[in-house]
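Using the hints, put the two standalone chains together into the complex.
Protein chains in written order, with our numbering: chain X, 1 to 160; chain S, 1 to 172.
Worth double-checking, as some hints may not be accurate.
Under the rule of at most 20 Å between Cα atoms (straight-line distance), these lysine to any residue pairs were calculated in the SDA-like manner [stated by the list, open to error]:
id: 1; chain 1: S; residue 1: Lys6; chain 2: X; residue 2: Gly116
id: 2; chain 1: S; residue 1: Lys5; chain 2: X; residue 2: Ala54
id: 3; chain 1: S; residue 1: Lys5; chain 2: S; residue 2: Pro15
id: 4; chain 1: S; residue 1: Lys154; chain 2: X; residue 2: Arg88
id: 5; chain 1: S; residue 1: Lys5; chain 2: X; residue 2: Gly116
id: 6; chain 1: S; residue 1: Lys129; chain 2: X; residue 2: Ser58
id: 7; chain 1: X; residue 1: Lys71; chain 2: S; residue 2: Val126
id: 8; chain 1: S; residue 1: Lys5; chain 2: X; residue 2: Ser128
id: 9; chain 1: X; residue 1: Lys71; chain 2: X; residue 2: Gln35
id: 10; chain 1: S; residue 1: Lys129; chain 2: X; residue 2: Ala54
id: 11; chain 1: S; residue 1: Lys129; chain 2: X; residue 2: Leu72
id: 12; chain 1: S; residue 1: Lys167; chain 2: S; residue 2: Leu58
id: 13; chain 1: S; residue 1: Lys61; chain 2: S; residue 2: Glu170
Derived by calculation from the structure, the hints in this document are not laboratory data.
This is what each chain is made of:
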Amino acid sequence: MQSVGSSKRSLIACLLLIVVGVWASAASAGSLEEQTLRVAAELRCPVCQNLSVADSPSEMATQMREVIHDKLKNGESPDQIRSYFVSRYGEWILLSPARHGFNWVAWLLPFVAILGGGGIIVLTIRRSIRRGHESNVEQSSPTDPRYASRLESELKEWER
Amino acid sequence: MATWKKLSLLLSIIPILLLLAYGFKTNPREVPSPLVGRQAPPFAVVMFDGSHNSLEQLLGKPIVLNFWASWCFPACYEEAPHLEAAWQAYRDRGVVFIGVDIQDRDTDAKGFIDRFKLSFPNGPDVQGKISIDYGVYGVPETFFIGKDGTIHYKHVGALNEKVLRAKIEEML
Chain X
1 MQSVGSSKRS
11 LIACLLLIVV
21 GVWASAASAG
31 SLEEQTLRVA
41 AELRCPVCQN
51 LSVADSPSEM
61 ATQMREVIHD
71 KLKNGESPDQ
81 IRSYFVSRYG
91 EWILLSPARH
101 GFNWVAWLLP
111 FVAILGGGGI
121 IVLTIRRSIR
131 RGHESNVEQS
141 SPTDPRYASR
151 LESELKEWER
Chain S
1 MATWKKLSLL
11 LSIIPILLLL
21 AYGFKTNPRE
31 VPSPLVGRQA
41 PPFAVVMFDG
51 SHNSLEQLLG
61 KPIVLNFWAS
71 WCFPACYEEA
81 PHLEAAWQAY
91 RDRGVVFIGV
101 DIQDRDTDAK
111 GFIDRFKLSF
121 PNGPDVQGKI
131 SIDYGVYGVP
141 ETFFIGKDGT
151 IHYKHVGALN
161 EKVLRAKIEE
171 ML
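The shape of chain S in the complex, shown without the other chains (with noise of 0.2 Å):
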């Protein structure tokens, strides 16, 4: 009988210890997108300058499609200023970086762009459609799409130097 209670506790133990071994051993910071692999949802912007940008004039460019906010504190404040050096760095190899800010006031936008001197295009997603067809569940979320317009990667969370040049390198 004792046998048979050990058994059982055991039984019901080890796949609870799995499951907290799985839990731990994943990266929280990676959410899986179903959209990694996949062709980009089209989207058009008009930038906080009237400028207009869609993926459709974009494609055959690698893009770097950032989304961000001026309330997303401090993780939109610590990626912005490697965004901007990237953007100075592989404008002339033709990487087009597009920022679009979600739920925010665009005075509270524009502050943010004039803050971190951003000179890449930013523009706002009025009415949330770009975000929603990209699945974002919060900012900042960067997605790199590839010259045939397949997104190649998604990132949760502030960019760092390595990681954007790491990413840009493999869509050139």
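Chain X with its partners taken away, still in its complex shape (with noise of 0.2 Å):
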């Protein structure tokens, strides 16, 4: 009795070790198709128009994405493969320019028109309103003599 309690024991130990086994390499697997699509997707389809590794259904895409899931089979890091396609392609394959020398050009020069634009139209309304008020003031003044002359002897009349 004991025996069958053990051996039943040893059966069920097995096939937990074969379901953690099979969900674990399911898991890895899944990791390294995520991993090579976010690495394809930093890099731009060499044949298409503006379309990542990824993205891209061509066959050239289609062979590096192949190339990369290799490539982290057998132990590179993304940034190894990375520089790998920089060195084939050039920098022109990272659809993110590197962050260096004349790259900080492309990353900053956005924020700098948003600040420019931005001045530019905080200047304008302010310019505008300014010349709101100035005409207000403009138009509220007395111009003409006549108009004040004949206010004050209407004015001089209703007191009486």
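See the structure below:
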């Protein structure tokens, strides 16, 4: 009886081990696929119009994804893989330019443009508000002396 | 105020004009390759005739490595006769020509080879690894590899006789 119980337990343990093993391998395969797509999403497809290697259905992009997959499988890091593609195609292959040297212009120019544009908008609004005030002040001041004297005489009449 | 406006207008137009001038001045065929001047990536091809060729075997000889495809019309069709003629002219001087057929069907590729009577070795890049290793954007592209295995020049687009001869002579 005891031997039957222990064999049952060892069978369950074996099954658990198999399930955990299968799950672990499936999980690691999934992560490899995810990593492949993550690296591929940062690379420009050489034969497409503004599509990443991850998004392109072209044969070349498929082959590039296979290369990324194989390199990840062989233990290369995403940085090493990116460097590999840069060494073959140049920095053009990266969808986002690397943050160094002249490339900083590409990163900073949009912010400079937004700040500059915002500044111009603020200045224009301020100027138009000031102009509005000035024109109100101009309108409220008595310009014609005939009206002023007439107003004065009418006020005196009303006071009587 | 008017001067300030004119100045800012000029300052915004000048960089755009300079950028356009630079763009019009550059040759779109000259795709800069980081590989030029560097050691050629190793390759090994099983040719359509079953023979093997690799960079390792061919080191010490100038190599013309041409990437092509049968669907690449008209550029590959234009350059094929020039490649064969140059191969015939330089084969006795130790120059090696290798054709790498990419993203193609074997039957179509063999039809292309027969059509132009290409007698230099040609083979398929089955998984595209050679073309990726050489940073190929499209076809045709040709790499001129010196005797020491350094990439001497990369040509994008159809080759003509003049370029072929000039670049081979530079390597000899």
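Between Lys5 of chain S and Ala54 of chain X, is the straight-line Cα distance small enough, at 20 Å or below?
Roughly 46 Å between the alpha carbons, so the hint for Lys5 of chain S and Ala54 of chain X is violated.
Does Lys129 of chain S pair with Ala54 of chain X here, judged by a C-alpha cut-off of 20 Å?
holds (17 Å)
Straight-line Cα separation of Lys6 of chain S and Gly116 of chain X no greater than 20 Å?
Between Lys6 of chain S and Gly116 of chain X the Cα gap is close to 17 Å, so the pair holds against 20 Å.
Between the alpha carbons of Lys167 of chain S and Leu58 of chain S, is the straight-line distance 20 Å or under?
holds (18 Å)
Does Glu170 of chain S lie within 20 Å of Lys61 of chain S when you go C-alpha to C-alpha?
holds (13 Å)
Holds or violated: Lys71 of chain X to Val126 of chain S, with C-alpha atoms at most 20 Å apart
holds (18 Å)
If you draw a straight line from the CA of Lys129 of chain S to the CA of Leu72 of chain X, is it 20 Å or shorter?
Holds - the C-alpha atoms of Leu72 of chain X and Lys129 of chain S are around 15 Å apart, at most 20 Å.
Lys71 of chain X and Gln35 of chain X: Cα distance at most 20 Å?
holds (11 Å)
Could you grab the alpha-carbon distance between Lys154 of chain S and Arg88 of chain X and see if it respects the 20 Å cut-off?
holds (12 Å)
Hinted pair, alpha-carbon criterion (20 Å max): Lys5 of chain S, Ser128 of chain X. Please report holds or violated.
holds (16 Å)
Satisfaction of hint between Pro15 of chain S and Lys5 of chain S, Cα-Cα up to 20 Å:
holds (16 Å)
With the threshold set at 20 Å, check whether the alpha-carbon distance from Lys5 of chain S to Gly116 of chain X stays at or below it.
Within the cut-off at roughly 15 Å; holds.
Of the hints listed earlier, the one the structure fails to meet is number 2.
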